[in-house]
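Asks: These are the residues of each chain, in order.
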Amino acid sequence: MTATEDFATMSARELRPVLEELYAEYVACLDEDRLEEWPEFFTDDAVYRIVPRENFERGLPIATLHCENKGYLHDRVVAIRQTAVYAPRYIRRLVSNIRVLGWAHGALAVRANYAAFETLHAELTRVFSVGRYHDTLVVTEGRLKFKEKLVIFDSELIPNSLIYPL
Amino acid sequence: MTATEDFATMSARELRPVLEELYAEYVACLDEDRLEEWPEFFTDDAVYRIVPRENFERGLPIATLHCENKGYLHDRVVAIRQTAVYAPRYIRRLVSNIRVLGWAHGALAVRANYAAFETLHAELTRVFSVGRYHDTLVVTEGRLKFKEKLVIFDSELIPNSLIYPL
Amino acid sequence: MTATEDFATMSARELRPVLEELYAEYVACLDEDRLEEWPEFFTDDAVYRIVPRENFERGLPIATLHCENKGYLHDRVVAIRQTAVYAPRYIRRLVSNIRVLGWAHGALAVRANYAAFETLHAELTRVFSVGRYHDTLVVTEGRLKFKEKLVIFDSELIPNSLIYPL
Chain W
171 MTATEDFATM
181 SARELRPVLE
191 ELYAEYVACL
201 DEDRLEEWPE
211 FFTDDAVYRI
221 VPRENFERGL
231 PIATLHCENK
241 GYLHDRVVAI
251 RQTAVYAPRY
261 IRRLVSNIRV
271 LGWAHGALAV
281 RANYAAFETL
291 HAELTRVFSV
301 GRYHDTLVVT
311 EGRLKFKEKL
321 VIFDSELIPN
331 SLIYPL
Chain V
171 MTATEDFATM
181 SARELRPVLE
191 ELYAEYVACL
201 DEDRLEEWPE
211 FFTDDAVYRI
221 VPRENFERGL
231 PIATLHCENK
241 GYLHDRVVAI
251 RQTAVYAPRY
261 IRRLVSNIRV
271 LGWAHGALAV
281 RANYAAFETL
291 HAELTRVFSV
301 GRYHDTLVVT
311 EGRLKFKEKL
321 VIFDSELIPN
331 SLIYPL
Chain E
171 MTATEDFATM
181 SARELRPVLE
191 ELYAEYVACL
201 DEDRLEEWPE
211 FFTDDAVYRI
221 VPRENFERGL
231 PIATLHCENK
241 GYLHDRVVAI
251 RQTAVYAPRY
261 IRRLVSNIRV
271 LGWAHGALAV
281 RANYAAFETL
291 HAELTRVFSV
301 GRYHDTLVVT
311 EGRLKFKEKL
321 VIFDSELIPN
331 SLIYPL
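Residue numbers (my numbering), protein chains in the order written: chain W, 171 to 336; chain V, 171 to 336; chain E, 171 to 336.
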């Protein structure tokens, strides 16, 4: 992505490869455990929430994780790094079925499905969480960044706790 | 997708983002349980079949589900809505590896892989079904619609019965 | 893909649909068990390696499978075909999150995530292996081919042995 692109004038069709790139970078950052870089995908005032599907569909406000700005995301990363009680594991994420809903009031609405797989040391890989993203992006310093990222996961029950971002 | 596009003159490369969009919409319709909208992805005379891979590869005609036109699809939705014996569950679908095989006699052949995950209430998410689509699309009223959708699933055995469309 | 395309002058954005096509063809070749065609995705001097993530990240050279040129890939296919001790099974692969890192010294660096699912006769489908590709492609006879394909899988433990290519 170059800073000279005018994302705001692009059609949904033209934005598709741009977003495929962005989500692939986002996933690689997390999968490769480069958590310190993760907040840079967000605007300073970004809201990041992880919500069970049932709560989301019933309009219940309770979130599993709620970060109100980029500072919270940094804090989250620090918390993960300082926590030693969890068994080491790999998470692998596949993002698919990206839908570009279009621009409204300077913000771009995007939807996507994800599947995340967890591998603990010397164990078989298993499904960790599946769900969807409800995202809002804006252009900041020539780049598309998440102003809001809502992760809606299908299962209330997930193996161990939800430590790593999705 | 706008009605003014001339899909029939597009190359496989040009059709790729169009089909990525279409399959993402198709999946979202099903994942979000908007089943009443599902038949609109099909032509009036569409054939929709779900077939075990072993039957498909042996040339056996037996299908797990066989719908001969759009009316059957509507009936299927009504049947699902009226059936209360199944435990509520979420299905999440990821469609990937879309292949645009090209136009022949006014019909576009497309292949894709899917993975579907099932989440029952208060249970872990598990793999529900994986397989591939063998699809034929035509242009109807300026839109690409499925004239034939063949869902070939890898496992004869699936958790519970195959209630929801793939 | 036509032989007249000049891949070397294309941007990462332009190469994305080309690579989506190529990986979809690669996966279909394997999923449909057309193993004899599989070596044709590689250059004559291609290196194909399957490596556990832990070894890769520690810089350990030990690979689960190491093929030093196309002849090794052909030998591998012959070995698979002649081996009858394995229970028949289907593998279904989803490749996602393709990242085009760009050209350097005539070679194109590409990354992608994969999830592979295994279905044994009369059994439920299960996660077989997830991981990522670290690939290097070059243009040979007008086509993009793998000069190096490194499959890095997350779990040391995989159901049964790693028989089929990824």
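The set of hints was computed from the structure by calculation and includes no laboratory data. Honestly, I wouldn't trust all of these hints.
Pairs count within a copy or across copies, as identical chains cannot be separated in the list.
[Said to hold, decoys possible] Quick list of in silico lysine to aspartate or glutamate cross-link-like pairs, DMTMM-like style, CA-CA up to 25 Å:
1) K315 - E326
2) K315 - E224
3) K317 - E227
4) K315 - E206
5) K240 - E184
Asks: Could you run down the list of hints and mark each one as holding or not?
Replies: Hints and how they fare:
Taking CA atoms no more than 25 Å apart as the test, K315 paired with E326 passes in neither setting, with 28 Å inside one copy and 36 Å between copies. For a Cα distance limit of 25 Å, the shortest separation of K315 from E224 qualifies neither inside one copy, at 27 Å, nor across copies, at 32 Å. Taking identical chains as interchangeable, the C-alpha atoms of K317 and E227 lie at most 25 Å apart only when both belong to the same chain, with a minimum of 22 Å there against 33 Å between chains. Taking CA atoms no more than 25 Å apart as the test, K315 paired with E206 passes inside one copy only; the shortest distance there is 16 Å, against 35 Å between copies.
Proximity of K240 and E184 under a CA criterion of 25 Å is satisfied in neither setting, with 29 Å inside one chain copy and 32 Å between copies.
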